[in-house]
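If you use numbering that gives the first Met the number 0, the sequence shown corresponds to residues 0 to 477, in order.
One should not assume that every hint holds.
List time: in silico SDA-like cross-link candidates among lysine to any residue, alpha-carbon distance up to 25 Å [claimed, not checked]:
no. : residue 1 : residue 2
1   : LYS147    : GLN302
2   : LYS147    : LYS269
3   : LYS192    : VAL284
4   : LYS2      : LYS71
5   : LYS242    : LYS192
6   : LYS466    : ALA426
7   : LYS147    : ASP292
8   : LYS2      : ILE166
9   : LYS314    : HIS39
10  : LYS342    : ARG378
11  : LYS455    : GLY475
12  : LYS398    : ALA426
13  : LYS273    : ASP210
14  : LYS71     : ARG26
15  : LYS273    : LYS344
16  : LYS344    : ARG474
17  : LYS466    : GLU409
18  : LYS344    : THR313
19  : LYS314    : LYS71
20  : LYS2      : ALA426
21  : LYS314    : LYS242
22  : LYS253    : LEU184
23  : LYS450    : LYS342
24  : LYS399    : ALA323
25  : LYS419    : GLU429
26  : LYS367    : ALA426
27  : LYS351    : ILE453
28  : LYS398    : PHE441
29  : LYS450    : LYS344
30  : LYS342    : GLU366
31  : LYS22     : GLU122
32  : LYS147    : HIS392
33  : LYS192    : ASP210
34  : LYS367    : LYS455
Keep in mind the hints are simulated off the structure, nothing from the lab.
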Amino acid sequence: MEKRNLTLLTDLYELTMMNGYFKEGYRDQVAVFDVFFRQHDLITYSLAAGLEQAIDYVTNLRFGEEEIAYLKGLNLFDEEFLNYLSSFRFTGDIYAVPEGTMVFPGEPIFTVKAPVIEAQLIETAVLNIINHQTLIASKAAKICHAAKGQSVMEFGLRRAQGPDAGIYGARAAIIGGCGSTSNVLAGKMFDVKVSGTHAHSWVMNFPTELDAFRAYAHMYPDAALLLCDTYDTLKSGVPNAIKVFDELKAQGHKPLGIRLDSGDLAYLSKEARKMLDAAGYKDAVICASGDLDEYSIQSLRNQGAAIDLWGVGTKLITGDDLPALGGVYKLAAVIENGEIIPKIKLSDNAVKITNPGFKNVYRIYNEKGMAEADLIHLRGEEIDASKPLTVFHPIETWKKTTYENYTLRELLVPIIEGGKVVYEFPALREIAAYADREMESFWDEYRRIDKPHIYKVDLSDGLYELKTSMMRSIRGKK
Numbered sequence: 000m001e002k003r004n005l006t007l008l009t010d011l012y013e014l015t016m017m018n019g020y021f022k023e024g025y026r027d028q029v030a031v032f033d034v035f036f037r038q039h040d041l042i043t044y045s046l047a048a049g050l051e052q053a054i055d056y057v058t059n060l061r062f063g064e065e066e067i068a069y070l071k072g073l074n075l076f077d078e079e080f081l082n083y084l085s086s087f088r089f090t091g092d093i094y095a096v097p098e099g100t101m102v103f104p105g106e107p108i109f110t111v112k113a114p115v116i117e118a119q120l121i122e123t124a125v126l127n128i129i130n131h132q133t134l135i136a137s138k139a140a141k142i143c144h145a146a147k148g149q150s151v152m153e154f155g156l157r158r159a160q161g162p163d164a165g166i167y168g169a170r171a172a173i174i175g176g177c178g179s180t181s182n183v184l185a186g187k188m189f190d191v192k193v194s195g196t197h198a199h200s201w202v203m204n205f206p207t208e209l210d211a212f213r214a215y216a217h218m219y220p221d222a223a224l225l226l227c228d229t230y231d232t233l234k235s236g237v238p239n240a241i242k243v244f245d246e247l248k249a250q251g252h253k254p255l256g257i258r259l260d261s262g263d264l265a266y267l268s269k270e271a272r273k274m275l276d277a278a279g280y281k282d283a284v285i286c287a288s289g290d291l292d293e294y295s296i297q298s299l300r301n302q303g304a305a306i307d308l309w310g311v312g313t314k315l316i317t318g319d320d321l322p323a324l325g326g327v328y329k330l331a332a333v334i335e336n337g338e339i340i341p342k343i344k345l346s347d348n349a350v351k352i353t354n355p356g357f358k359n360v361y362r363i364y365n366e367k368g369m370a371e372a373d374l375i376h377l378r379g380e381e382i383d384a385s386k387p388l389t390v391f392h393p394i395e396t397w398k399k400t401t402y403e404n405y406t407l408r409e410l411l412v413p414i415i416e417g418g419k420v421v422y423e424f425p426a427l428r429e430i431a432a433y434a435d436r437e438m439e440s441f442w443d444e445y446r447r448i449d450k451p452h453i454y455k456v457d458l459s460d461g462l463y464e465l466k467t468s469m470m471r472s473i474r475g476k477k
């Protein structure tokens with residue numbers, strides 16, 4: 000795709016705030032912002048994605064002549080500010096969790112430490128990119144978990160909300176565990192497997208279903224996955240597929256299988272399996288598609304459906320049951336003369352009160368390498384892993400757990416330092432493999448579809464004390 004200048008992919012108020020910082024003398028003040036998402040009934044865990052594209056956006060911020068001319072035409076900005084924008088570059092630091100990391104509500108997954116005028120500009124686009132890909136990767140992870148190791152193909156391009164959503168949604172789906180995508184451009188851009196069969200229109204364009212199957216099998220004799228529900232799955236589709244499989248076998252080829260796209264998939268797949276087995280095609284796969292998601296896949300598996308391969312489209316690529324992740328970008332601190340001055344947003348809703356300060360997240364693993372809890376802590380706050388560690392719920396503080404024989408891992412790693420990328424971005428396949436290892440380090444109870452166990456995300460002693468003292472201080476001044 001043609002390289003685009005995305006610098007103006009921002010909300011107007013980011014630019015007006017930048018102008019205000021510029022005019023009020025705050026342009027060089029360093030600020031710390033955190034990206035995180037809040038608890039939701041449908042968000043018990045997420046799979047971080049979109050980091051590479053977010054960093055590509057940040058490092059390529061340029062206000063060219065066209066952008067400056069457009070902003071000048073808005074009559075909101077004077078020449079001094081526009082001249083500043085003409086030489087704008089991001090010079091700050093960014094820390095983030097690697098793509099494919101399991102992440103949870105309330106914990107920072109992307110932290111910006113930069114002059115406030117720079118940090119403010121990137122808010123909108125960073126949220127746009129990370130919210131979208133994290134949402135789709137998380138949905139894919141849940142769908143693939145429901146498939147219990149069976150391969151899932153991402154089929155959603157035609158239903159995605161535009162080309163970018165289709166391309167980067169496919170990328171996120173691969174991170175989430177999908178084995179392939181139907182999106183050819185995404186396959187080319189990210190070097191991942193592309194897959195697909197044929198449509199009902201192929202069958203309908205031939206004199207008979209058998210003619211259509213024969214023609215397709217002639218072109219792809221070793222990859223013929225025949226769509227069997229155009230007319231009548233069991234009376235026509237499967238019998239005709241078997242006839243073509245017999246012809247392929249006689250020519251020395253091994254048929255691939257069939258696809259079912261509608262009807263009672265549990266019943267049809269079981270009956271089709273009997274027919275294929277009786278004809279000697281026990282290795283032929285049965286692929287199912289048609290508005291599937293993690294709930295329908297789980298239900299089909301519970302019914303004993305004879306399905307080997309899943310094609311999932313609309314409900315994956317659109318994040319059907321949760322159209323937006325809801326990630327936010329909140330000020331956590333400012334730095335003046337080297338001193339970190341924490342900032343906090345208060346609310347009558349406890350989950351909307353932000354965590355102040357410059358932070359990182361420890362993941363606590365037991366001696367078997369399984370994740371037990373996450374601990375949000377202030378940077379510089381040391382924890383002696385040789386001693387027992389007690390964590391407590393940040394709101395229901397009487398809920399406490401003590402860990403022994405544990406190890407700690409800091410989740411946020413340096414990505415940009417002083418405006419320069421210091422992180423080596425892995426290939427998409429490597430990210431997907433890492434994501435798979437990540438998910439295997441969590442008990443199944445945290446990942447189950449129905450009423451999953453809530454993973455512990457707690458605050459360190461230092462952060463808890465800072466937060467509560469700031470709340471008391473601010474409330475006392477009202």
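Here is how each hint holds up against the structure:
At roughly 14 Å between alpha-carbon atoms, LYS147 and GLN302 fall within 25 Å of each other, so this suggested pair holds. Taken as a hint, the LYS147 and LYS269 pair is honoured in the structure, with Cα atoms around 18 Å apart against an allowance of 25 Å. For the suggested pair LYS192 and VAL284, the alpha carbons sit about 18 Å apart, so the restraint of at most 25 Å is met. For a cut-off of 25 Å, the pair hint linking LYS2 to LYS71 stands: about 24 Å separates their Cα positions.
Restraint check for LYS242 and LYS192: not satisfied, since their Cα atoms lie roughly 29 Å apart, outside the 25 Å limit. For the proposed pair LYS466 and ALA426, the alpha carbon gap of about 39 Å is over 25 Å, so the pair is violated. Between LYS147 and ASP292 the CA atoms are separated by roughly 13 Å; this keeps the pair inside 25 Å, and the hint holds. Proximity of LYS2 to ILE166 is assessed by CA-CA distance (about 14 Å); at most 25 Å being required, the pair is judged to hold.
Proximity of LYS314 to HIS39 is assessed by CA-CA distance (about 19 Å); at most 25 Å being required, the pair is judged to hold. The hinted pair formed by LYS342 and ARG378 meets the criterion: a straight-line CA distance of about 15 Å does not exceed 25 Å. At most 25 Å may separate the alpha-carbon atoms for a hinted pair to count; LYS455 and GLY475 exceed this at roughly 31 Å. This hinted pair does not check out: LYS398 and ALA426 have alpha carbons roughly 41 Å apart, beyond 25 Å.
For the given pair, LYS273 sits about 24 Å from ASP210 by alpha-carbon distance, which is consistent with the 25 Å threshold. With a C-alpha separation of about 20 Å, the suggested pairing of LYS71 with ARG26 holds against the 25 Å cut-off. Restraint check: the Cα-Cα separation between LYS273 and LYS344 comes to about 62 Å, which exceeds 25 Å; the hinted pair is violated. With a C-alpha separation of about 11 Å, the suggested pair LYS344 and ARG474 falls inside the 25 Å cut-off, and the hint holds.
For the hint pairing LYS466 with GLU409, the CA-to-CA distance comes to about 21 Å; that is within 25 Å, so the pair holds. Taken as a hint, the LYS344 and THR313 pair is broken in the structure, with Cα atoms around 37 Å apart against an allowance of 25 Å. For the proposed pair LYS314 and LYS71, the alpha carbon gap of about 42 Å is over 25 Å, so the pair is violated. Using a Cα cut-off of 25 Å, the hinted pair LYS2 and ALA426 holds, with the two alpha carbons roughly 20 Å apart.
A hinted pair counts as satisfied when its Cα atoms are at most 25 Å apart, and LYS314 with LYS242 does not qualify at roughly 34 Å. Simply put, LYS253 and LEU184 have alpha-carbon atoms about 29 Å apart, too far for the 25 Å limit, and the pair is violated. The suggested pairing of LYS450 with LYS342 is violated, with an alpha-carbon distance near 35 Å, which exceeds 25 Å. Proximity of LYS399 to ALA323 is assessed by CA-CA distance (about 32 Å); at most 25 Å being required, the pair is judged violated.
With a C-alpha separation of about 23 Å, the suggested pair LYS419 and GLU429 falls inside the 25 Å cut-off, and the hint holds. Restraint check: the Cα-Cα separation between LYS367 and ALA426 comes to about 28 Å, which exceeds 25 Å; the hinted pair is violated. For the proposed pair LYS351 and ILE453, the alpha carbon gap of about 18 Å is at most 25 Å, so the pair holds. For a cut-off of 25 Å, the pair hint linking LYS398 to PHE441 stands: about 21 Å separates their Cα positions.
For a cut-off of 25 Å, the pair hint linking LYS450 to LYS344 is broken: about 31 Å separates their Cα positions. At roughly 37 Å between alpha-carbon atoms, LYS342 and GLU366 are farther apart than 25 Å, so this suggested pair is violated. Among the hinted pairs, LYS22 with GLU122 is consistent with the structure: their alpha-carbon atoms are about 20 Å apart, no more than 25 Å. Proximity of LYS147 to HIS392 is assessed by CA-CA distance (about 32 Å); at most 25 Å being required, the pair is judged violated.
Straight-line distance between C-alpha atoms of LYS192 and ASP210 comes to about 29 Å, which puts the hinted pair past the 25 Å bound. Of the pairs offered as hints, the one joining LYS367 and LYS455 holds, with about 18 Å between alpha carbons and a cut-off of 25 Å not exceeded.
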